[in-house]
Amino acid sequence: MYTFKKEERLCNKRLIDKLFHSGSSFLCYPFRVSWLVNPEPQLHPAQILFSVPKKRYKHAVDRNLVKRLMREAYRLHKQQHLYDILQQTDKRIIVSVGYVGKEIEPFLFIEKKMLKLLAQLSNELAAAVPVAAN
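The letter at position 6 of the sequence shown is residue 6 when you use full-length UniProt numbering, and the numbering goes up by one with no holes.
No wet-lab data here; the hints were simulated from the structure.
All values derive from a computational prediction rather than experimental measurement.
Keep in mind that the hints are not guaranteed to be accurate.
[Unchecked claim] Restricting the straight-line Cα-Cα distance to at most 25 Å, the calculated cross-link-like pairs of lysine-lysine (DSS-like) are:
#1 Lys55 to Lys102
#2 Lys102 to Lys112
#3 Lys67 to Lys116
#4 Lys67 to Lys54
#5 Lys54 to Lys102
#6 Lys18 to Lys54
#7 Lys112 to Lys5
#8 Lys102 to Lys91
#9 Lys55 to Lys5
#10 Lys91 to Lys13
#11 Lys67 to Lys6
#12 Lys13 to Lys67
#13 Lys113 to Lys102
#14 Lys91 to Lys113
#15 Lys58 to Lys102
#16 Lys18 to Lys5
#17 Lys13 to Lys55
#18 Lys5 to Lys116
#19 Lys54 to Lys91
#20 Lys102 to Lys5
#21 Lys91 to Lys116
#22 Lys113 to Lys6
#23 Lys102 to Lys116
#24 Lys54 to Lys6
#25 Lys67 to Lys113
#26 Lys113 to Lys5
#27 Lys18 to Lys55
#28 Lys18 to Lys112
The task is simple: from the sequences and hints, build the whole structure.
So, in structure tokens, the structure goes:
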């Protein structure tokens, strides 16, 4: 349940291009989120990409640290805050989370903001994908 496997990572260049050209996005400081409902079949309800700009963080160790913190916060909360909703609506999405913060924040701050991000993403999904009438 609390895993983050290779199949959950967004690596397909075609899907990444599609996400950035026709996906929706929002800002949830310190993250910038782009997402798109993916009509193609995929193993997991969501595929995700984490990025940290080289322009802001020159050292690879800093970029890797921030990505590691983001991945860990996502891994711990994805099931109850994102996957459950996606499985109820039977949707598959692709997501990109970019770090736009000016400083490397502690894990507790990143975890709190990741929860807020997942809640906002769930709300946007609910608004974009109307639930079938009962």
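Checked hints:
1. Restraint check: the Cα-Cα separation between Lys55 and Lys102 comes to about 11 Å, which is no more than 25 Å; the hinted pair holds.
2. Proximity of Lys102 to Lys112 is assessed by CA-CA distance (about 17 Å); at most 25 Å being required, the pair is judged to hold.
3. Proposed proximity of Lys67 and Lys116 is supported: the alpha carbons are some 17 Å apart, at most 25 Å.
4. With a CA separation close to 12 Å, the supplied pair Lys67 and Lys54 stays within the 25 Å bound.
5. Note on Lys54 and Lys102: the hinted pairing holds, with a Cα-Cα distance of about 12 Å set against a maximum of 25 Å.
6. Pair hint Lys18 plus Lys54 holds up; C-alpha atoms about 22 Å apart against a cutoff of 25 Å.
7. Among the hinted pairs, Lys112 with Lys5 is consistent with the structure: their alpha-carbon atoms are about 23 Å apart, no more than 25 Å.
8. With a C-alpha separation of about 34 Å, the suggested pair Lys102 and Lys91 falls outside the 25 Å cut-off, and the hint is violated.
9. Note on Lys55 and Lys5: the hinted pairing is violated, with a Cα-Cα distance of about 28 Å set against a maximum of 25 Å.
10. Between Lys91 and Lys13 the alpha-carbon distance is near 21 Å, which keeps this suggested pair within the 25 Å criterion.
11. Restraint check for Lys67 and Lys6: satisfied, since their Cα atoms lie roughly 15 Å apart, inside the 25 Å limit.
12. Taken as a hint, the Lys13 and Lys67 pair is honoured in the structure, with Cα atoms around 19 Å apart against an allowance of 25 Å.
13. Distance hint between Lys113 and Lys102 is fulfilled; the C-alpha atoms sit about 15 Å from each other, no more than 25 Å.
14. Restraint check: the Cα-Cα separation between Lys91 and Lys113 comes to about 24 Å, which is no more than 25 Å; the hinted pair holds.
15. At most 25 Å may separate the alpha-carbon atoms for a hinted pair to count; Lys58 and Lys102 meet this at roughly 12 Å.
16. Distance check on the hinted pair: Lys18 and Lys5 sit about 22 Å apart at the alpha-carbon level, within 25 Å; holds.
17. Only pairs whose Cα atoms come within 25 Å are accepted, and Lys13 paired with Lys55 is accepted, the gap being roughly 22 Å.
18. For the proposed pair Lys5 and Lys116, the alpha carbon gap of about 23 Å is at most 25 Å, so the pair holds.
19. A distance of roughly 33 Å separates the Cα atoms of Lys54 and Lys91; the hinted pair therefore is violated under the 25 Å criterion.
20. As the CA atoms of Lys102 and Lys5 are separated by approximately 29 Å, the hinted pair breaks the 25 Å bound.
21. A threshold of 25 Å between alpha carbons decides the hint, and for Lys91 with Lys116 the separation of about 21 Å falls inside it, so the pair holds.
22. The suggested pairing of Lys113 with Lys6 holds, with an alpha-carbon distance near 24 Å, which does not exceed 25 Å.
23. Taking the CA atoms of Lys102 and Lys116, the gap is about 19 Å. The hint holds against a cut of 25 Å.
24. Taking the CA atoms of Lys54 and Lys6, the gap is about 23 Å. The hint holds against a cut of 25 Å.
25. Under the criterion of a C-alpha separation no larger than 25 Å, the hint pairing Lys67 with Lys113 is consistent with the structure, at around 14 Å.
26. Under the criterion of a C-alpha separation no larger than 25 Å, the hint pairing Lys113 with Lys5 is consistent with the structure, at around 22 Å.
27. As the CA atoms of Lys18 and Lys55 are separated by approximately 24 Å, the hinted pair is consistent with the 25 Å bound.
28. Taking the CA atoms of Lys18 and Lys112, the gap is about 29 Å. The hint is violated against a cut of 25 Å.
Of the numbered hints given earlier, the model fails hints 8, 9, 19, 20, 28; all others are met.
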